[in-house]
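Now for the letters of each chain:
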Amino acid sequence: MTDVLARRDRALSPDETEALLRDRLGDGITGSTLEFGTFTVHVAASSWHAAVQSCRDESLLAYDMFDSLFGIDAREEGFDVVTVLYSTSTGNRICLRTRCDGGRETPVCETITDIYRGADWMERETWDMFGIDFVGHPALEPRLLTVENFEGWPLRKDFHLASRVAKPWPGVNEPAELDEDGNVIKRQPQIGDAPGPYDLDKAMAEQARAVNASAIEAAREADDARAAEGSTPALDVQESEQADNAVDAESETSPSGPGASPADEEPTAAEKADARRKEQAEARTRKAAERTAEESGDDPQLDQETYDRLIAEGKSERIARSKAKAARIKKQRAAEAATDDDEQGDA
Amino acid sequence: MSELSTRDRIHPGTAPGEDLHLEILGDGDFATAEMSLSIGPAHPATHGVLRIVLDMDGERVVGARPVIGYMHRGFEKLAEYRDFRQIMALVNRHDWLSGFSNELGVALAVEEMLEMEVPDRAQWIRMLIAEWNRILNHLMFVGSFAIELGAITPMFYAFREREDIQHLLESATGGRLHFTYNQPGGLKIDLPKGFLRQSADLVTTLRKRVPDYKDLVLGNEIFQARTKGVGPLPADVALSYGVTGPTLHAAGVPEDSRVTEPYLKYGDIDVHVPLGENGDAYDRFSCLLHRIDASLDIIEQIHDHIPAGPVNSKLPKMVKAPEGSTYVRTENPLGQLGYWLESDGGRTPWRLKMRTPSFSNVQAVPYLLNGVLVPDAVAVLGSVFFVVGDIDR
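These protein sequence lines map, in sequence, to chains A and B. Here this note's numbering is used: the first residue of the first sequence is 1, the next is one more, and so on. Here this note's numbering is used: the first residue of the second sequence is 1, the next is one more, and so on.
Because the hints were derived from the structure by calculation, they are not lab data. Where hints are given, some of them may not hold.
Anything over 10 Å on all C-beta distances counts as not near chain B; from chain A, calculated [what the hints assert, rightly or not]:
1. LEU12
2. ASP15
3. ASP23
4. SER32
5. GLU58
6. ASP64
7. ASP73
8. GLU76
9. GLY91
10. ARG93
11. GLY118
12. ASP120
13. MET129
14. ALA213
15. LYS315
16. ALA334
Derived Cβ-Cβ restraints for the label pairs, each shown as a range [unchecked claim]:
17. B:GLU59 / A:ASP23: 47 to 57 Å
18. A:GLY26 / B:PRO322: 30 to 40 Å
19. B:LYS317 / A:SER214: 30 to 40 Å
20. B:ILE189 / A:SER214: 51 to 61 Å
The calculated DMTMM-like cross-link candidates involving lysine to aspartate or glutamate, where the alpha carbons are at most 20 Å apart (straight line), are [said to hold, decoys possible]:
21. A:LYS157 / B:GLU163
22. B:LYS77 / A:GLU217
23. B:LYS77 / B:GLU342
From the three backbone atoms N, C-alpha and C, an ideal C-beta is built for every residue, glycine too.
Let's have the full structure, built from the sequences with the hints guiding it.
Pasting the structure below:
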């Protein structure tokens, strides 16, 4: 690597470089800056191509490596184009910067694709991002990075980042919202601000409350009524379960009647299935009838004797009712068994 | 035959914007027609989603157009909405194989603008992690290039080594791909206890294993037959395109910013840059493989130099770069990474331009593919090392 370091002796200083370029281009060079270790020469738009050409072809400069080319938003004055060049023979790097003609409406710049091959895609990208037209470029379209039918120039400052328009930066711990002493600066709401997530939630909750007010009222009344009646929903479930069990038991026992009768021909599978379906349907209608009867208030399923006895013993109304019901079902089952026996006896 | 004698399009276009069609000339002579062949965006031979449209004359490629932008995420725009510390988590994503090296560039640019003194220990640790990251990246390409040429074994070996290195880096940074270990003014935290010993052990292990790759891949007759003399890239064309990294070194140009424009403490140590002669696919791969050795040399030197002391400097509550602009370039695993950072004195950058190595390297692909046969096209594509996220940003 010794040759690499030795070549620095041949390198021109920034001042010498600027003097040489001024000599070649005259007024085409409008100034230069050396800040933060970066040497930038400002070029007039009309001398852009000539300046880049001199940088490559002057034997003292010999910027043979194309580094990059890109645009910068220059506020009201339009757009800047910067190209960075490097010389492998002197180890120097130079940035050339120009302000495009045409302001913000129709920024135009000369192409340098005929000088450096690498400028092709870089200029296409700059067209894609800033809408800077490079005169003489072989084909700026189709757009390089965005989709073909994309509208707008994304890296211009008047193109706003969609996610920041939809939602302001969340959280208060962001450094922007702390002043020099570390106190939180409250962000003043601005026109066009979309509601933040918290405000949005609050608004939605209020809206929901307004819409559902009547439904909520009705539900509350129903609750009050049930509380007055003294039955809790859990117990209702228990009762109906018991009733269901009883019905199931019935549906199990009832087919034993015809099944027990001696039949000459076995019923086919289809007939059996039909019968089973019919029984199940009957059981379902019966169950539904029971349920409506329960809800309507007068309960024919209660065994009145048991109920009265339990009430007299000081049991609560609910317990009395459920036990009375169980007793009633037991009686019914016993009666059915008796009729079955009678039928068998007749046969 | 007479019905087909006119130029009939028998296949309609299959991809949006591009016509994949076959024309039958059939005028009795043995004439061939050009056809365009679209590779990608999800073709396994092109890692990531790079799409290339090849114009074919029989088996020969007569033109190639990379179609990029499928992974464009607008990092340059996003960076304008984040402050100088938050950018770190953003920039280590465009090239996901070299996360640490990416953040390094932004950290250096911000420090340059703030004229911030970075403690020595932080600078040496940055170099150490950056070199491990470089090996991590190169191992990936050692595996993937071999797989593109039909050899699966090197991938398994490469991933065994990658796992060890990722484990080591995870112990220090907490990340395996996206480290976010840098901050303006230094590093987040110091290295954990015993890191340097583990690092030294891993160097010893890799020293034993890297020769295997050379035997297995470079010494392979099939590999040599498929890569030697394929897709040569002359030095002047490479420089005109802005090609950097192993692809440029293969053409014999010793341009490596660790040597020519030393940043961090690279000026204090001896950095070897492996060079090629012909600039063909074989040389490109050879440079890549030998850079692993070079990085191991650097890591050993860093182990000897690394001083004690703090690893970060005190940051103000608000990091505000002064008005102005700077251009910082670092040698990323795949080539030269440049950041143009322009500030208007606010808390977020006015403009952050990422000059990524893959973007410039892939630009040279049409030049390289011109005139090669289809099987060689795969070898050429694999040997121009790129990460698609790094192209599209």
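Status of the hints after comparison with the structure:
no.: 1; hint: LEU12; result: holds, 16 Å
no.: 2; hint: ASP15; result: holds, 19 Å
no.: 3; hint: ASP23; result: holds, 25 Å
no.: 4; hint: SER32; result: holds, 13 Å
no.: 5; hint: GLU58; result: holds, 16 Å
no.: 6; hint: ASP64; result: violated, 5 Å
no.: 7; hint: ASP73; result: violated, 7 Å
no.: 8; hint: GLU76; result: holds, 14 Å
no.: 9; hint: GLY91; result: violated, 5 Å
no.: 10; hint: ARG93; result: violated, 8 Å
no.: 11; hint: GLY118; result: violated, 4 Å
no.: 12; hint: ASP120; result: violated, 7 Å
no.: 13; hint: MET129; result: violated, 8 Å
no.: 14; hint: ALA213; result: holds, 42 Å
no.: 15; hint: LYS315; result: holds, 68 Å
no.: 16; hint: ALA334; result: holds, 76 Å
no.: 17; hint: B:GLU59 / A:ASP23: 47 to 57 Å; result: holds, 54 Å
no.: 18; hint: A:GLY26 / B:PRO322: 30 to 40 Å; result: holds, 33 Å
no.: 19; hint: B:LYS317 / A:SER214: 30 to 40 Å; result: violated, 53 Å
no.: 20; hint: B:ILE189 / A:SER214: 51 to 61 Å; result: holds, 59 Å
no.: 21; hint: A:LYS157 / B:GLU163; result: violated, 43 Å
no.: 22; hint: B:LYS77 / A:GLU217; result: violated, 52 Å
no.: 23; hint: B:LYS77 / B:GLU342; result: holds, 13 Å
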